[in-house]
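In this note's numbering, the protein residues as written are 164 to 303.
Hints in this document: simulated from the structure, not taken from any laboratory.
Careful: at least some of the hints might be erroneous.
Unchecked claim - Okay, derived cross-link-like pairs now, SDA-like style, lysine to any residue, Cα gap no bigger than 20 Å in a straight line:
1. 272 to 181
2. 200 to 241
3. 200 to 260
4. 266 to 255
5. 282 to 218
6. 282 to 221
7. 191 to 256
8. 178 to 268
9. 266 to 234
10. 178 to 166
11. 266 to 247
12. 178 to 210
13. 177 to 237
14. 272 to 262
15. 178 to 237
16. 285 to 225
17. 191 to 252
18. 178 to 276
19. 177 to 218
20. 200 to 210
21. 272 to 241
22. 283 to 233
23. 178 to 234
24. 177 to 268
25. 177 to 231
26. 282 to 237
27. 266 to 204
28. 168 to 222
29. 177 to 269
30. 177 to 236
31. 178 to 221
Unchecked claim - Have a look at the derived ranges for each label pair, beta carbon to beta carbon:
32. 252 to 283: 37 to 45 Å
33. 252 to 166: 41 to 49 Å
34. 168 to 253: 39 to 47 Å
35. 174 to 285: 15 to 23 Å
Beta carbons are placed, not taken as given, at the ideal position from N, Cα and C, and that holds for glycine.
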Amino acid sequence: MSMLKTFEDLDVYKKCREFRQEISSLVKSLPQTENHKLQSQLLRSSRAVTSAIAEGFGRFHHLENIQFCRQSRGSLMETLEHLIIAHDEGYITENTLDDFRNKHAECMKILNAYISYLKKTKNRAFESAPATPYLQEPVY
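Can you make the complete structure from the sequences, with help from the hints?
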């Protein structure tokens, strides 16, 4: 079992990073008229997801980390709303939206599991925590 050294070792970060990278690719296909509107909103909100996970990890206190993860969760929801807008405006297909909904749900599941893990472990040192401990218990 690998040990955490940095936020980049967190599976929740890795999954949300993949989501952010796919959003980045999608944004390039949006019309230029959305350059400073929907494009920038999608980029900002998707980047905020991983940024908050990283910042929370750097706080080293479970309550602060949980708060940043909650902000990340809010940004994840905001990103989904921007995707729905892209669909409503005719920029992406229903299939593309559904694919992103599925990826969003995966990110949400692992993020909620990580938050649950943090709540249970309180001040446990991150250096001794395995990379995926929060996936060992079901989330309800």
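Comparing the hints with the structure gives:
Restraint check for residue 272 and residue 181: satisfied, since their Cα atoms lie roughly 15 Å apart, inside the 20 Å limit. For the given pair, residue 200 sits about 14 Å from residue 241 by alpha-carbon distance, which is consistent with the 20 Å threshold. Distance hint between residue 200 and residue 260 is fulfilled; the C-alpha atoms sit about 19 Å from each other, no more than 20 Å. With a C-alpha separation of about 15 Å, the suggested pair residue 266 and residue 255 falls inside the 20 Å cut-off, and the hint holds.
Between residue 282 and residue 218, the direct Cα distance comes to roughly 17 Å. Compliance with the 20 Å bound is thereby established for this hinted pair. Distance restraint check for residue 282 and residue 221: the Cα-Cα separation of roughly 17 Å lies within the 20 Å cut-off, and the hinted pair is therefore satisfied. Between residue 191 and residue 256 the CA atoms are separated by roughly 15 Å; this keeps the pair inside 20 Å, and the hint holds. For the hint linking residue 178 to residue 268, the alpha-carbon distance of about 11 Å falls within 20 Å, and the restraint holds.
Under the criterion of a C-alpha separation no larger than 20 Å, the hint pairing residue 266 with residue 234 is consistent with the structure, at around 18 Å. Of the supplied pair hints, the one linking residue 178 and residue 166 holds, its CA atoms being roughly 18 Å apart against a limit of 20 Å. Taken as a hint, the residue 266 and residue 247 pair is honoured in the structure, with Cα atoms around 14 Å apart against an allowance of 20 Å. Pair hint residue 178 plus residue 210 holds up; C-alpha atoms about 13 Å apart against a cutoff of 20 Å.
Distance check on the hinted pair: residue 177 and residue 237 sit about 18 Å apart at the alpha-carbon level, within 20 Å; holds. A hinted pair counts as satisfied when its Cα atoms are at most 20 Å apart, and residue 272 with residue 262 qualifies at roughly 16 Å. Distance restraint check for residue 178 and residue 237: the Cα-Cα separation of roughly 16 Å lies within the 20 Å cut-off, and the hinted pair is therefore satisfied. The suggested pairing of residue 285 with residue 225 holds, with an alpha-carbon distance near 6 Å, which does not exceed 20 Å.
Under the criterion of a C-alpha separation no larger than 20 Å, the hint pairing residue 191 with residue 252 is consistent with the structure, at around 16 Å. For the hint linking residue 178 to residue 276, the alpha-carbon distance of about 13 Å falls within 20 Å, and the restraint holds. Note on residue 177 and residue 218: the hinted pairing holds, with a Cα-Cα distance of about 15 Å set against a maximum of 20 Å. Restraint check: the Cα-Cα separation between residue 200 and residue 210 comes to about 15 Å, which is no more than 20 Å; the hinted pair holds.
Distance restraint check for residue 272 and residue 241: the Cα-Cα separation of roughly 16 Å lies within the 20 Å cut-off, and the hinted pair is therefore satisfied. Our distance criterion of 20 Å between C-alpha atoms is met by residue 283 and residue 233, whose separation comes to about 16 Å. Among the hinted pairs, residue 178 with residue 234 is consistent with the structure: their alpha-carbon atoms are about 16 Å apart, no more than 20 Å. A distance of roughly 15 Å separates the Cα atoms of residue 177 and residue 268; the hinted pair therefore holds under the 20 Å criterion.
At roughly 16 Å between alpha-carbon atoms, residue 177 and residue 231 fall within 20 Å of each other, so this suggested pair holds. Among the hinted pairs, residue 282 with residue 237 is consistent with the structure: their alpha-carbon atoms are about 18 Å apart, no more than 20 Å. Distance hint between residue 266 and residue 204 is fulfilled; the C-alpha atoms sit about 18 Å from each other, no more than 20 Å. The suggested pairing of residue 168 with residue 222 holds, with an alpha-carbon distance near 14 Å, which does not exceed 20 Å.
Between the alpha carbons of residue 177 and residue 269 the distance comes to roughly 12 Å, so the proposed pair stays at or under 20 Å and holds. With a CA separation close to 15 Å, the supplied pair residue 177 and residue 236 stays within the 20 Å bound. Between residue 178 and residue 221 the CA atoms are separated by roughly 18 Å; this keeps the pair inside 20 Å, and the hint holds. Hint check: residue 252 to residue 283, Cβ distance near 42 Å, so the stated range 37 to 45 Å holds.
Restraint check, residue 252 to residue 166: a C-beta distance of roughly 45 Å satisfies the suggested window 41 to 49 Å. At about 45 Å, the CB distance of residue 168 to residue 253 agrees with the hint of 39 to 47 Å. Between residue 174 and residue 285 the CB atoms are about 20 Å apart, so this pair conforms to the stated range of 15 to 23 Å.
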